[in-house]
Amino acid sequence: MKALEQRSRTTISIQLNGRPRSGGCDNRTSLADFLRHELGATGTHVGCEHGVCGACTVRVDGVAVRACMMLAAQAEGSRIDTVEGLARVEAGAPPAVIGSAAPSAKAPTLGDLQQAFKRHHALQCGFCTAGILMSCSDFLERRPDPSETEVREMLSGHLCRCTGYTNIVMAVLDVASSRRANAPAEHEGNHA
Amino acid sequence: MKPGLYDYYRCDTVDEVLELLDQHGDDARILAGGQSLMAALNMRLAQPKVVVDISRIAPLAYARIINDALVIGASATQASVEWRPTLGDEVPLLKRAFPYISHFQIRNRGTVCGSIAHADPSAELPVVLLALGGRVGLRSRQGRRELSADDFAQGMLMTARRPDELVEDVSYPVHRAGTGYAFAEMAQRHGDFAIAALAACVDADGIRLAVGGVSDRPRLLSIERLSGSALDDALNDFAWSLEAQDDQHASAQYRRHLVRRLGRRVIEEASA
Chain V
1 MKALEQRSRT TISIQLNGRP RSGGCDNRTS LADFLRHELG ATGTHVGCEH
51 GVCGACTVRV DGVAVRACMM LAAQAEGSRI DTVEGLARVE AGAPPAVIGS
101 AAPSAKAPTL GDLQQAFKRH HALQCGFCTA GILMSCSDFL ERRPDPSETE
151 VREMLSGHLC RCTGYTNIVM AVLDVASSRR ANAPAEHEGN HA
Chain Z
1 MKPGLYDYYR CDTVDEVLEL LDQHGDDARI LAGGQSLMAA LNMRLAQPKV
51 VVDISRIAPL AYARIINDAL VIGASATQAS VEWRPTLGDE VPLLKRAFPY
101 ISHFQIRNRG TVCGSIAHAD PSAELPVVLL ALGGRVGLRS RQGRRELSAD
151 DFAQGMLMTA RRPDELVEDV SYPVHRAGTG YAFAEMAQRH GDFAIAALAA
201 CVDADGIRLA VGGVSDRPRL LSIERLSGSA LDDALNDFAW SLEAQDDQHA
251 SAQYRRHLVR RLGRRVIEEA SA
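Sequence order for the protein chains is V and Z. Using this note's numbering, you'd call the opening residue of the first sequence number 1 and step up by one each time. Using this note's numbering, you'd call the opening residue of the second sequence number 1 and step up by one each time.
Isolated chain V (complex conformation) (with noise of 0.2 Å):
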């Protein structure tokens, strides 16, 4: 059992986008503070901070869930992925720097999802985005061919101010869509 008392700090150690990483945190501080304060991971972001707009979703051990409503102390030893991750993690190109070089046709710096919100206007001012890219990266490897309406009830759980879903939507299908027209392949080879 591990045991925090009010008012104490504690260091915890988690693995943030593949990486080893620790940081200070009282036993309230919620995950999302502790990525953002405590490790500069500010991809993440905090909205309503009880579980309703969706801003701050990431992966806790690959499972889609609130920032906001898990606290750090809960995350110790866990794998969180964020935004941050999705780059490299989905294009298997090095991670996207912000402002960097424009980036060559040859390595994509955005995985195929943060293509394809680009691609369909999937986003206006973006705040909601980081949370929305992360649920989808879930969702999709759970449920590979999902109807609209699957994936209308997955985007329930985010508010957007800007879009109106429907361009999140198509973004969604045609990124589900294109990945299982780039799947045959594998499963051929996996029945061979």
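Hints listed in this document are in silico derivations from the structure and should not be mistaken for laboratory results. Treat each hint with caution, since some may be false.
Claimed, not checked - Derived coverage of chain Z by chain V (criterion: at least 3 residues anywhere in the stretch with Cβ under 8 Å from a Cβ of chain V; other residues may be distant):
1) 10-19
2) 39-46
3) 98-110
Said to hold, decoys possible - List of simulated lysine to aspartate or glutamate pairs, DMTMM-like, C-alpha gap at most 25 Å:
4) Z:K49 <-> V:E5
5) Z:K2 <-> V:E5
6) V:K2 <-> Z:D68
7) Z:K95 <-> V:D26
8) V:K2 <-> Z:D15
9) Z:K49 <-> Z:E90
10) V:K2 <-> Z:D27
11) Z:K95 <-> V:E153
12) V:K2 <-> Z:D26
13) Z:K2 <-> V:D26
14) Z:K95 <-> V:E148
C-beta atoms are modelled at their ideal positions from N, C-alpha and C, and glycine is treated no differently.
Given the structure of chain V, go ahead and fit chain Z onto it with the hints provided.
Using the frame of chain V, we list chain Z on its own:
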């Protein structure tokens, strides 16, 4: 919008949990998925002195068939049950209700037992538990006891759980041949709290209709097989017996209307 001060314990065993509950009683709150408690802590609606985290107790993160019931342990997430490949055959009503429960991201971390223990009158899982005649397992240092869903729920956010007890598991009876099931809900937006949530089980012997969101706790109508105006009369009497209240989401009159109309719809669907 940050929690107040508390002592935090991340337990590795059930014995540690029971010891802390025995020691602190009402001053302690169990943190499982945290999808209700963390919001209440952040808004300081809950200010416990002690938070007992059971989310990492692996032996409690199970869902398995035991004696004709799907028994779900205290730290099993809703998603772990929802994505169970055999759920549609085992507990069809639960399968139908899951999409209505909040959102994908909340079900990923929220627990089944946590929803039952929290006893929000609008929550879907207690409605399904009542409709199926399920049971709640409670454990303290004094031992274990089981209560029916109806005996466990006492009112808004109130249950028969003693301050020294942990909701150790809940049991959802598995599908019996010849029984039909249906679930329906009205909410302002998908995933919002239910204005009315209805679950029906119909077999040759009769009808069980459970309603959430209308009264201070889930309520059950258990009647023989009826149809036509006799069914309408029974639903009307039931709707008035629930003592629905006006609130910012809906009027009492509208809630009674939903009980009558959605009630009829789920009963007919479950009878088909």
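Which of the numbered hints are not met once you compare them with the structure shown? 6, 7, 9
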